[in-house]
Amino acid sequence: MEYRTLRNGVKIPVIGFGVFQIPAAQTKQAVLSALRAGYRLIDTARAYGNEREVGEAIRESGIPREEIFVTTKLWLSDFSYDGAIQATQTSLERLGVDTIDLMLLHQPMGDYQSAWKALEKLYKDGTLRAIGMATATRTSLPTSAKRSRSRPWSTRSRYTPSSNRSATWKS
Amino acid sequence: MVNQVEIHPFFQQERNMEVMKEYGVIPEAWAPFNEGKRDFFRNPVLTEIGQKYGKTAAQVALRWNIQRGAVVIPKSVHEERIRQNFDVFDFALTEDDMAKIKTMDLGHSEIVDHFDPQWVKFLHSLKV
Chain A
1 MEYRTLRNGV KIPVIGFGVF QIPAAQTKQA VLSALRAGYR LIDTARAYGN EREVGEAIRE
61 SGIPREEIFV TTKLWLSDFS YDGAIQATQT SLERLGVDTI DLMLLHQPMG DYQSAWKALE
121 KLYKDGTLRA IGMATATRTS LPTSAKRSRS RPWSTRSRYT PSSNRSATWK S
Chain B
1 MVNQVEIHPF FQQERNMEVM KEYGVIPEAW APFNEGKRDF FRNPVLTEIG QKYGKTAAQV
61 ALRWNIQRGA VVIPKSVHEE RIRQNFDVFD FALTEDDMAK IKTMDLGHSE IVDHFDPQWV
121 KFLHSLKV
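Just so you know, the sequences run in chain order A and B. Those letters in the first sequence? Residues 1 to 171, by this note's numbering. Those letters in the second sequence? Residues 1 to 128, by this note's numbering.
In isolation and in its complexed conformation, chain B is listed as follows (with noise of 0.2 angstroms):
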């Protein structure tokens, strides 16, 4: 089973994580880039940690990401972007690399709130 959720620096589910682990679930990571809120591809501790490896914010945050366990899935429209996203597989972090990125949990969303009921309602509007 998978179970696909927010998954990023900004929030990083420790707790929904351990609960996927006890029960044999594959996190899955969308908006992998929060995104791009809070000016996250030029955010410093990301682009500190990419200078040591000739990568960037992104790939780093990406590559935390599989090295957490999860399965990720950016989205982009330009060739570039698309190609250095799955340019991740030639680095890897390091645990005090690993440490740095964790100070970075806000430890909720800022893109959904499911507990919110005008957000509910608004989900249960939409007709596909």
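Chain A with its partners taken away, still in its complex shape (with noise of 0.2 angstroms):
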């Protein structure tokens, strides 16, 4: 598998399995075909519906946590500092992870900078190991680029692929 390296120095596969517009009920068979293909990143999020069956999948594949690459997304309606750090506990719960490998604010929209302080106090205390956003523009990618410029972005984290998640693995 190819990667690339993320600038806090977390690895990120250069293709990964998308699960929008999969309706739940066929997810969990879509995702172990893609993971027995070779696939090891997963891209969901709270607005596909399918975060459940996600999990499911990488559980049942059998293949160990820290191979395979979660990425989710939270929506819109929980923009708020307290709404991001509620709507994270509730997609753990729902992928049956105790961390995500990127969490993605999915719109440029609404009050994204105070879910994006949200964002960085999980990611500081390594529940998320990578943030960022999605259909960022030329505009608002600033905005949260430059903030995320001061620590913990412009070193090396803490949480490298080594480190020891399958301990924190939930079934």
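FYI, nobody ran anything at the bench for these hints, they're computed from the structure. Watch out, some of these pointers could steer you wrong.
[Stated by the list, open to error] The list that follows gives simulated cross-link-like pairs (lysine-lysine, DSS-like), each with its CA atoms no further than 30 angstroms apart:
| id | chain 1 | residue 1 | chain 2 | residue 2 |
| --- | --- | --- | --- | --- |
| 1 | A | 124 | B | 127 |
| 2 | B | 52 | B | 127 |
| 3 | B | 127 | B | 37 |
| 4 | B | 21 | A | 117 |
| 5 | B | 121 | B | 100 |
| 6 | B | 52 | B | 121 |
| 7 | B | 102 | B | 52 |
| 8 | A | 124 | B | 100 |
| 9 | B | 21 | B | 102 |
| 10 | A | 11 | A | 117 |
| 11 | A | 11 | A | 124 |
| 12 | B | 21 | A | 121 |
| 13 | B | 52 | B | 37 |
| 14 | B | 52 | A | 121 |
| 15 | A | 11 | B | 21 |
| 16 | B | 21 | B | 127 |
| 17 | A | 117 | B | 121 |
| 18 | A | 11 | A | 121 |
| 19 | A | 117 | B | 102 |
| 20 | B | 100 | B | 37 |
| 21 | B | 100 | B | 21 |
| 22 | A | 11 | B | 121 |
[Said to hold, decoys possible] Computed spacing ranges between beta-carbons, pair by pair:
| id | chain 1 | residue 1 | chain 2 | residue 2 | range |
| --- | --- | --- | --- | --- | --- |
| 23 | B | 117 | A | 38 | 37 to 45 angstroms |
| 24 | B | 51 | A | 125 | 45 to 53 angstroms |
| 25 | A | 63 | B | 99 | 38 to 46 angstroms |
| 26 | A | 90 | B | 51 | 46 to 54 angstroms |
| 27 | B | 128 | A | 26 | 33 to 41 angstroms |
| 28 | A | 90 | B | 121 | 38 to 46 angstroms |
All residues carry an ideal CB built from backbone N, CA and C; glycine is no exception.
Given two chains presented individually in distinct reference frames, assemble the corresponding complex, making use of the accompanying hints.
Here it is as structure tokens:
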């Protein structure tokens, strides 16, 4: 697998399997097929309504949790500091994981800056291994990117791929 | 940091990608096949390039995104397609191929418009 390295040292596969528009009933099978084919990045979102099935497929695949890069996204309706903290907890529970490899804010709209502060907090405490935006434009991107130039983005994360995340894997 | 945006040969996002590069942000490409619009899977430019390598238009499009530095996240529910989309690591597009694909750029999305108030209103109305 080829990877790209994020600024914080976290490695992301160059190809992943997206589950947008896959009905929940078909998601587990599709993700299992993808994992069998060699994909190691699964991209879901709260708004897709299939996080639970993604989690089921990951567990059923038998592939160690730390070998799979899981991305999900928070929806606009949870864009406040407390809302983002709470919604991340819900995603963790639905996916059945203790850490999320990449959490994105799904739209650069509403109070995404408060939600971004929550992501930074969850990044610092190790719940999220990397954070980002979706559909950020040339104007909204620098707002988040500039903030994230401060600690901890400018230094390598202590949450390296080699840290023992499997110990915290919830079944 | 990652920025997941629509990137495919019809919407190449060159300026947005330059800004991402400036800030050290990794681009991730959603809708790498333009959601099938514009008869994407039979596009003559992509198909002709693919014929040289025994690859489909879809595979060429994924390879193009990867060579430009993006992460791609294709979706499919068909086992064979899922496998095909992953099978893009045994060939490389030449500069000439990349230049041909560059001419396909429309410079805007035909899927979403974040500056359209109706679209923004719709997004805010979604309950998840």
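Quick rundown of the hints versus the structure:
At most 30 angstroms may separate the alpha-carbon atoms for a hinted pair to count; residue 124(A) and residue 127(B) meet this at roughly 29 angstroms. Only pairs whose Cα atoms come within 30 angstroms are accepted, and residue 52(B) paired with residue 127(B) is rejected, the gap being roughly 47 angstroms. Annotation: proposed proximity of residue 127(B) to residue 37(B) holds, straight-line Cα distance about 27 angstroms (limit 30 angstroms). Our distance criterion of 30 angstroms between C-alpha atoms is met by residue 21(B) and residue 117(A), whose separation comes to about 23 angstroms.
Restraint check: the Cα-Cα separation between residue 121(B) and residue 100(B) comes to about 38 angstroms, which exceeds 30 angstroms; the hinted pair is violated. As the CA atoms of residue 52(B) and residue 121(B) are separated by approximately 46 angstroms, the hinted pair breaks the 30 angstroms bound. Taking the CA atoms of residue 102(B) and residue 52(B), the gap is about 18 angstroms. The hint holds against a cut of 30 angstroms. Using a Cα cut-off of 30 angstroms, the hinted pair residue 124(A) and residue 100(B) is violated, with the two alpha carbons roughly 44 angstroms apart.
Straight-line distance between C-alpha atoms of residue 21(B) and residue 102(B) comes to about 19 angstroms, which keeps the hinted pair within the 30 angstroms bound. Taking the CA atoms of residue 11(A) and residue 117(A), the gap is near 23 angstroms; set against the 30 angstroms cutoff, the hint holds. Pair hint residue 11(A) plus residue 124(A) holds up; C-alpha atoms about 17 angstroms apart against a cutoff of 30 angstroms. Distance hint between residue 21(B) and residue 121(A) is fulfilled; the C-alpha atoms sit about 25 angstroms from each other, no more than 30 angstroms.
For the hint linking residue 52(B) to residue 37(B), the alpha-carbon distance of about 24 angstroms falls within 30 angstroms, and the restraint holds. For the given pair, residue 52(B) sits about 49 angstroms from residue 121(A) by alpha-carbon distance, which is inconsistent with the 30 angstroms threshold. Taken as a hint, the residue 11(A) and residue 21(B) pair is honoured in the structure, with Cα atoms around 17 angstroms apart against an allowance of 30 angstroms. In summary, the hint linking residue 21(B) to residue 127(B) is not supported, as the alpha carbons are separated by about 34 angstroms, beyond the 30 angstroms threshold.
Among the hinted pairs, residue 117(A) with residue 121(B) is consistent with the structure: their alpha-carbon atoms are about 24 angstroms apart, no more than 30 angstroms. Restraint check: the Cα-Cα separation between residue 11(A) and residue 121(A) comes to about 21 angstroms, which is no more than 30 angstroms; the hinted pair holds. A hinted pair counts as satisfied when its Cα atoms are at most 30 angstroms apart, and residue 117(A) with residue 102(B) does not qualify at roughly 37 angstroms. Proximity of residue 100(B) to residue 37(B) is assessed by CA-CA distance (about 19 angstroms); at most 30 angstroms being required, the pair is judged to hold.
Restraint check for residue 100(B) and residue 21(B): the C-alpha separation of about 23 angstroms stays at or below 30 angstroms, so the hint holds. Proximity of residue 11(A) to residue 121(B) is assessed by CA-CA distance (about 36 angstroms); at most 30 angstroms being required, the pair is judged violated. At roughly 43 angstroms, the beta carbons of residue 117(B) and residue 38(A) sit within the given window of 37 to 45 angstroms. Our hint of 45 to 53 angstroms for residue 51(B) and residue 125(A) holds, since their Cβ atoms are close to 51 angstroms apart.
Here the CB-CB span from residue 63(A) to residue 99(B) is close to 39 angstroms, well matched to the stated 38 to 46 angstroms. A hinted range of 46 to 54 angstroms holds for the C-beta pair residue 90(A) and residue 51(B), which are about 47 angstroms apart. The given range of 33 to 41 angstroms is broken by residue 128(B) and residue 26(A), whose C-beta atoms sit roughly 19 angstroms from each other. Separated by about 25 angstroms at the C-beta atoms, residue 90(A) and residue 121(B) break the suggested range of 38 to 46 angstroms.
Figure legend: structure checked against the earlier numbered hints; hints not met, in rising order: 2, 5, 6, 8, 14, 16, 19, 22, 27, 28.
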